[in-house]
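**Q** Sequence:
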Amino acid sequence: MSENGGNGLVQLTAKDFKSDQEVRWCPGCGDYAILNAVQSFMPELGLKRENIVFVSGIGCAARFPYYMQTYGMHSIHGRAPAIATGLSVSRPDLSVWVVTGDGDSMSIGG
1 MSENGGNGLV QLTAKDFKSD QEVRWCPGCG DYAILNAVQS FMPELGLKRE
51 NIVFVSGIGC AARFPYYMQT YGMHSIHGRA PAIATGLSVS RPDLSVWVVT
101 GDGDSMSIGG
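Mapping of the sequence shown onto the working numbering: position 17 corresponds to residue 17, and the numbering continues sequentially without gaps.
Hints are not guaranteed to be accurate.
As a list, the in silico DMTMM-like pairs of lysine to aspartate or glutamate whose alpha-carbon atoms are at most 25 Å apart [said to hold, decoys possible]: (1) K48 to D93; (2) K15 to E44; (3) K15 to D93; (4) K48 to E22; (5) K18 to D31; (6) K48 to D16; (7) K18 to E50; (8) K48 to D20; (9) K18 to E44; (10) K15 to D31; (11) K48 to D31; (12) K15 to E50; (13) K18 to D93.
No wet-lab data here; the hints were simulated from the structure.
Bear in mind the structure is a predicted one, so any value in this text is a computation, not a measurement.
Given only the sequences and the hints, what does the whole structure look like? Please build it.
**A** Below is the structure:
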């Protein structure tokens, strides 16, 4: 974090969105690139970290909230969009994001 021009506003950086958790996806997994991209553009949104929530289902994508220095939660298989919708409707002040993989988004195995 850095002070923005002395006006008291805090300017977040990509590093501010990285948690202290070790990222554990398979070598070569595309989730690394997605995580890096999200952490890189989050500061541009100008949102406070406490107003951002990542909702995930299960599988590899379920680890995503652990790697973000924001609020996050897991849901049951295939239900992340429904839970995120409920959260967004009940708390319109939050920026709610859904992270799913192929199996979770298509309810494979559920």
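**Q** Now tell me if each hint is right for this structure.
**A** Hints, one by one, checked against the model:
1. Between the alpha carbons of K48 and D93 the distance comes to roughly 11 Å, so the proposed pair stays at or under 25 Å and holds.
2. Of the pairs offered as hints, the one joining K15 and E44 holds, with about 13 Å between alpha carbons and a cut-off of 25 Å not exceeded.
3. Of the supplied pair hints, the one linking K15 and D93 holds, its CA atoms being roughly 24 Å apart against a limit of 25 Å.
4. For the suggested pair K48 and E22, the alpha carbons sit about 23 Å apart, so the restraint of at most 25 Å is met.
5. A distance of roughly 14 Å separates the Cα atoms of K18 and D31; the hinted pair therefore holds under the 25 Å criterion.
6. For the hint linking K48 to D16, the alpha-carbon distance of about 11 Å falls within 25 Å, and the restraint holds.
7. Proposed proximity of K18 and E50 is supported: the alpha carbons are some 14 Å apart, at most 25 Å.
8. Between the alpha carbons of K48 and D20 the distance comes to roughly 18 Å, so the proposed pair stays at or under 25 Å and holds.
9. For the hint pairing K18 with E44, the CA-to-CA distance comes to about 15 Å; that is within 25 Å, so the pair holds.
10. The hinted pair formed by K15 and D31 meets the criterion: a straight-line CA distance of about 17 Å does not exceed 25 Å.
11. At most 25 Å may separate the alpha-carbon atoms for a hinted pair to count; K48 and D31 meet this at roughly 24 Å.
12. A hinted pair counts as satisfied when its Cα atoms are at most 25 Å apart, and K15 with E50 qualifies at roughly 15 Å.
13. Taken as a hint, the K18 and D93 pair is honoured in the structure, with Cα atoms around 22 Å apart against an allowance of 25 Å.
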